[in-house]
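Each chain, written out:
2 protein chains.
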Amino acid sequence: MYLRCLRILTEEGQDRISSKELAERFHLSATQFRKDLAYFGEFGIRGVGYEVRRLEERLTHLLGLDRVHPILVVGMGNLGNALVLHGGFNRAAFRVAGALDNDASKVGTTVGDTTIRHISEIETVVRETEAEIALLAVPAVVAQETYDQLAAAGISAVLNFAPVRLRRSPKVSTKTVDLRIDLEELVFSLGRE
Amino acid sequence: MYLRCLRILTEEGQDRISSKELAERFHLSATQFRKDLAYFGEFGIRGVGYEVRRLEERLTHLLGLDRVHPILVVGMGNLGNALVLHGGFNRAAFRVAGALDNDASKVGTTVGDTTIRHISEIETVVRETEAEIALLAVPAVVAQETYDQLAAAGISAVLNFAPVRLRRSPKVSTKTVDLRIDLEELVFSLGRE
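Read top to bottom, the protein sequences are chains A and B. Position in the first sequence counted from 1, then plus 8, gives you the numbering used here. Position in the second sequence counted from 1, then plus 8, gives you the numbering used here.
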């Protein structure tokens with residue numbers, strides 16, 4: 009969240025900011041901000057504040073976002089296609105390194121620059137691409153089974169788009185994207201107007 | 009967030025829970041939970057706790073999720089198709105009531121049960137469907153222009169999937185889904201292992 013704020017400030021050309029200004033601008037707690045940063049070291053200068061770009065770089069490094077992370081897209085339906093082609097993934101820290109499906113008729117076809125391979129090749133694909141992260145875009149009914157295949161193939165992190173609660177592997181960082189929650193928040197904001 | 013927790017408890021068949029148990033189970037603050045609920049009225053019984061299903065129903069009502077909200081999907085590329093067909097949207101509080109695109113060759117074709125209409129018909133579609141919410145799934149370059157069209161047509165809430173910062177209309181609740189942030193969180197969790 010802090011990194012997102014700093015990116016906005018960098019875009020706007022702001023060089024320096026105090027924790028108080030940052031807190032006011034982004035509705036955060038200045039105390040919490042200083043405490044959170046202190047966990048990782050010294051960043052600001054008392055009475056002067058933070059150099060925006062330098063802090064952004066250091067947080068980027070701390071978050072492991074200064075190197076490229078190859079990602080696999082698993083399940084090449086509409087959503088999988090959208091994810092492979094999604095502008096936001098093929099820049100900065102992320103690069104789509106492979107796409108997999110269990111439909112033999114899709115295998116060998118390309119989406120953008122990516123050739124679809126069969127899910128049974130997952131271990132080879134993980135080895136070749138060194139991907140740690142997979143986007144799980146398969147239908148709900150095969151989500152668990154596919155997740156288990158990814159875990160067995162050595163994937164360390166899964167972003168799940170299927171509307172199911174997965175039995176998680178302890179070795180895999182797992183996060184489910186639930187768009188209904190975003191919609192529900194919007195509905196609540198409607199109700200308050 | 010509380011509603012999500014209660015849904016999990018209902019699924020698990022738990023009838024009753026104290027704020028303390030709930031806090032422990034979901035890593036929340038019991039004090040904050042009680043305070044947040046108090047904002048809306050009396051819910052629990054001191055020393056007894058909360059009836060899970062009843063609290064779930066009352067929060068569902070407070071959030072405006074006990075009635076159906078028709079939604080429009082705007083931009084019928086891969087992502088738009090995925091959103092129209094997404095299992096999670098066509099149940100409970102949400103129903104896809106229309107799909108729009110600016111590509112004349114798509115107009116009149118159907119995706120699931122939904123017939124695609126031209127974006128120039130937006131005002132008619134809003135009137136006919138009484139949709140308040142739109143999912144904006146157009147390419148980044150036309151996102152602002154399309155958002156402005158939705159605002160002008162009387163849409164009250166937009167969930168934006170385009171990787172751009174929109175100049176927001178004061179009349180429209182606007183939320184951008186940024187999947188990179190989810191990915192970035194996963195990368196950080198990888199780094200900590």
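These are computed hints drawn from the structure, not numbers from a lab. All values derive from a computational prediction rather than experimental measurement. Take these hints with a grain of salt, some might be off.
Because identical chains cannot be distinguished in the list, a pair is counted as satisfied if it fits within a single copy or across any two copies.
What the hints assert, rightly or not - The calculated DSBU-like cross-link candidates involving lysine-lysine, where the alpha carbons are at most 30 Å apart (straight line), are:
(1) LYS114 to LYS183
(2) LYS114 to LYS43
(3) LYS28 to LYS114
(4) LYS183 to LYS43
To see whether the hints hold, each was checked on the structure:
no.: 1; hint: LYS114 to LYS183; verdict: within (27 Å within a copy, 34 Å between copies)
no.: 2; hint: LYS114 to LYS43; verdict: neither (50 Å within a copy, 53 Å between copies)
no.: 3; hint: LYS28 to LYS114; verdict: neither (54 Å within a copy, 51 Å between copies)
no.: 4; hint: LYS183 to LYS43; verdict: both (26 Å within a copy, 28 Å between copies)
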